[in-house]
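*Asks:* Each chain is listed here by its residues.
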Amino acid sequence: MPINYAQLEHSQGQFAADYATWQAQQSARAVELKSLLTEAAASPELLRQAIEEAEQQLPTLYLAKPTSEPILTHRPLPAAPESYTLIAADGSQIAPSRHRALQFGVVNVGLIKARIGSGETPQIWVETELLTPQQIQTSEGNLISEDEIALLRDLAERKRIRQAVSSEDAEPVITLTDGPLDIFYRSTIQGEREQQVQRDISGIDEDLRRRGVLTAGYIDKPGSAMLSRMLAVFQCKRQGLPPDKKTDGLNLSDRFILRDILDQPGERSAIFEAISRGPKKPANSGAVAFFYLNVSGAEDEPCLVRVEFPLWVSESPRLVDALHAVIYREAQVLDSHPYPYLLHRAHELAVVRRIEADEVEAMLQSHLDPQFRARQRQSNKSYLKGLS
Amino acid sequence: MSDSSHSIPIGKLLRADNSQFVAGCRVRELETPAFGSLVRASLVDDTDVYGLITNISINDDGLVRQLVSGVSIPGEYTADNRYNRNLPVEIHVLTIGYQSEGQLRHQLPPRPPLSLDQLFLCGSDEVARFTSLGAGYLRHILRLTDQPIEELLVAHLSQARRVQDSLGNPEWYEDACQRLIVLLRDDYMRLTQVLDALSELE
Amino acid sequence: MEPQANLSPENPPIGFVTGGGLEANLQVKLTVPAQTVQEGAFVVMDSGNWRFYGLVTDLQLAAVDPNYASQLNSQRFSPRLARYLNQNTLYTNLAVMPALMLEKGPDPASPEYPAWAQNRPEKVKPITVKTVPDHHAPVKLANAGDIAEIFGKEDGKTIFRVGETREQGHAVCLDLEKFVQRSSGIFGTTGSGKSFLARMILAGLIHANNASTLIFDMHNEYGPSSTSSDTGQPVSGLKQQFQSRVRLVGLGAGTDFGALHADFQLEIAHKDITPEDILQLTQTLNLKETTAATLDALQTSFGENWFSEFMNMRGKAVEEDEEGRRRPRQTAWKPGQTRRACTLAQPKACAASSAG
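Residue numbers (the numbering used here), protein chains in the order written: chain A, 1 to 388; chain B, 1001 to 1202; chain C, 2001 to 2356.
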C-alpha cells in the first residue's frame, strides 16, 4: 500500500538539517585526513612502524599498507598495450527459499572474453549450475544463506575464468570481476565447506599466477576506508597511543581523501596492500593490493574507483601499467557513465530474472517423481505476495 | 508443408496478427532477406503463411545508445554488439496469402503464425507458384498506409516479373499493372507515384 | 459484369447503361473506341423482358479523375503504362434519348417463355418508352432487324425506304399508310435536307398511290426538275419521274416552267373572290382598318360582281376631297387635274399570286 507521505513530509525539514550537518562533518573530516595524509607522506618511517606494530598487536586489522610507492603518488595514464586479452565474469544466483514450493539453488555465471587487437568478435558463455540438495543445506540441515550461495557463486566465477584462459591468448591476460578479490570479507560460512572453498580458490589463484594471468577486481563507488584506518593508526602512533585506540574522527571513504590528488582523468594512486585480518579470516588467502583510479573522462569531475589485484603483480611495473591503462580504457568505452564494458556485458549475461527462476522451478517440478510433486507447496505468504 | 528444399531460413516469429507479422533474425542472417521479397512462415499444422517483407529494422537498446555516444569503441566491441547481443533485426512482413491442405489462396489466413515459427525466404519456384494464381493479392499491399507502397511494389514486381517472364508469361506483368491501375485509379496521387516508380522498371 | 443477354458476336455491345433517365437522356459508358459511334446512331438496350430503342444525341469525353485527362500520361510514364492508364481512366459517355420500348419477353428457349407468350398477342409492337432499362444494361448499335422492327421492312408498297443508318447502312423506312393518316412536319436547319426528304416522301406517296397529293410548290422545287443548291447536281422533278400521274399547275395565266409546260393553268374567276378572301390578306397587302367597310360597301353596291367592278374602277372609282374623305370620283380625269392614288389596293396585287 502507498506509504504515508504526509508523515514523511513532517520529517523532511529536520532530515535536511541533519544531513547538512553530517555533510559538513564529513567535509571537515576530509580536510583533516588530507592533511594527515600529507603528514604521513612526510614521515614514511613512522608510518611503517605504526602499521607493523598494529599488525603484531591487533588480532583484527583492516587497513591499507603502503608498498614501495610513496603514498601521495599520482601516476598519469600510460599507453595501453597494442594487444591483450581481457576476460570478464559475473555471476548471479537463485537462492533456495523456504517460501518456494521447491527448494533449489542455481548459480549462473556469465563470461565474456575479448582479444583486443585481433578484430575478432568476443566469445561469450553462460554457465548455469543447479546446486545439489546437499549443497543447499548446511551441516545442520538448514537451507544455506544468501551469503553462502554468494560464496559458491564467486567460486564458480573463478573456476570459469580459469577454464576460459588458454595458452594462445595474447599477453597480458587480464581477468576482471566486480567487487573485491577477497571474497571472504563478508562470508559467514564456517567449517569444512568453507575450508574447501578456500582451498579451491587458492588453487585457482595459484594456477593463474603460474600462467601469468592478472586477476583484477573492480569496485565502483568504493566505500572502503582503509586509508582512513591507516591514518588512524598513524595518528595513534604519533600521539603515543596504542594502535587500537579509537580516534575521535569518523572513518571516511578513501575516495574523498584522494579526490583532490587524482584530479586528472586516468590518474592512479599509489599501490597499497590491503590488510584484512579477522578471527574468521582464513590464514592462507592470497595477499591483495589495490590502487585508486580516476575513470572520468573530464577534468573537473573525478570519478574514483578501486582496482584490486594480487600483490605479486605490484612487483612488475609493466603489468601494473598494463592493468592501469586497460581498465581505464575499458571504463571509457561507456564514457558517459564510466564502467568497464566487458564487465557490464558479463553482468548482462549472468543476470537471472524472477520469471526465469519461476520457470526453472516449474521445470524441476515436472521432473520430480509424482509422489514428491504433490507435497511441494508454495508458502501462503509467498503466494499472496505474488498476487499483487 | 511446402517444399522447402530451396528455401532459406531467415528468422523466427516474434509477434503476429492476422494481416502482418514480425520475425527476428540475427545480424548474420541479414545477408539474405531483401525488401519486397516473398517469404513463408511454416506453421505447426502444415499451413504456410505467405508475405512480403515491408521493412527491415535494426533496433537499439540502452547499451547501444551509450556506445554510440562514446568516443572510441574497439572494433571487437562493435562486433560483440552485432553478433553476441540478442538485439534482433526485425523483419516486418505483410501477409498476402496462405496455403492449407495443399490449396493456395490469396486471402488472409484464418489464424496468424505463432511465436518462434520459422520464417523462410521463398525461392523462384515458390514465387512462380504464388504469383501464377493471379495478381489479385496486390490489393493487400494497398492496405499499407504508414509507408510509401511504390517502393515495395517495384521491389516485389521486379522479382515476380522476372520469374513469370522466365516461365514464358509476360502477360502476367501486364495484368498486374492493369490491376494496380484499376485498384488505385480513384487515388490519383497514390497511383501516379506508383506508376512513376514502375516506369523505371520498363 | 454487364448482363450477357442476346449477344451475338457480329453485333457486340458498344457500352452499358450507367445512369440518366427519361427526361434527361440515359447515360451510357462506351466500351469501344469513340469514333466507331456517331451522333444520331440508333441503339438498342436489352433489360429484363424489354428491349429499349434510342438515339445517340451526344458523346462526352470523361475521366475517372480530371487529372488523368488534363496531362499527357505518355510523357510522364513509360509508353506501356501510359496506355494502360488511359485505357482504364479515360472513357466516353453517350447520351441516349430513349424513344420506344418493346416487350420481347424471356429467351424463347427458356422455361418461362411459354407462360409469357400465352398472354401476349402474336406480334408485339414497339410502344412509346415509359420506363428505363436497368443499370449496366448492354447497349448495342441497332441491327437491320431492329431498324425494321421500328420503321418497318421495305416492301415496295407502303413501307417506303427514305434512307440508311449512317454506321451500318440499314434501311430506314416510313410507313406511308400511317404517314398519311396524321399531320407531319419536317424540320431542320438550313441545308440539312428538308427538301430532299420531302421530295422523296412525295415520290413515295405518289408511287404508293394510296392518297391524292396536292403540293403547293412555292419555289418550284418538287414539280419541275432543278439543280441541287448543295451539290450542283441536277435533280429530277416529280413530273419527270411520274409523268402522267403528276399534273403541274401554273398559277395564273401564262405561267410556265421553262421548257416544261404546265398541264394547265389555274385561274380564278372574279366572281369567286369574296371579301373574306381579301380580308385574309390584310397583313400581306397592308390593308387599313377601313378596308372591311369599304368591301362591304362595294358588295352592297355591286353584288356578286363587286370585284370586277372594283377592277374597272381603276383610277376612276374613288377620290379624296379636300378633307381627305373618299368619295366616288365625280368627273372623269381631266388633264391638269391632280390624280389621287387608289388607296384601297393596288390592282396588280389583287391578282392571285402566280408562279415565277
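Think of the hints as simulated: they come from the structure by calculation, not from any bench.
Heads up, some of the hints might be wrong.
Residues on chain B that point at chain C, a partial pick, calculated with CB under 8 Å [as the list claims (entries may be wrong)]:
| no. | residue |
| --- | --- |
| 1 | Y1083 |
| 2 | L1087 |
| 3 | V1089 |
| 4 | E1090 |
| 5 | Q1178 |
| 6 | V1182 |
| 7 | L1183 |
| 8 | R1185 |
| 9 | Q1193 |
Derived DEER-like restraints, expressed as beta-carbon distance ranges [unchecked claim]:
| no. | chain 1 | residue 1 | chain 2 | residue 2 | range |
| --- | --- | --- | --- | --- | --- |
| 10 | A | T60 | B | R1015 | 26 to 32 Å |
| 11 | B | L1014 | A | A24 | 52 to 58 Å |
| 12 | A | S145 | B | R1015 | 55 to 61 Å |
| 13 | B | P1009 | A | S366 | 26 to 32 Å |
| 14 | C | Q2087 | B | L1114 | 53 to 59 Å |
| 15 | B | V1044 | A | R210 | 50 to 56 Å |
| 16 | B | A1034 | C | A2109 | 45 to 51 Å |
For glycine and all other residues, C-beta sits at the position ideal for the given N, C-alpha and C.
*Asks:* Taking the numbered hints from earlier one at a time, note which ones the structure violates and give those numbers from smallest to largest.
*Replies:* As far as the earlier hints go, 1, 2, 3, 4, 7, 9, 10, 12, 14 and 16 are violated by this structure, in ascending order.
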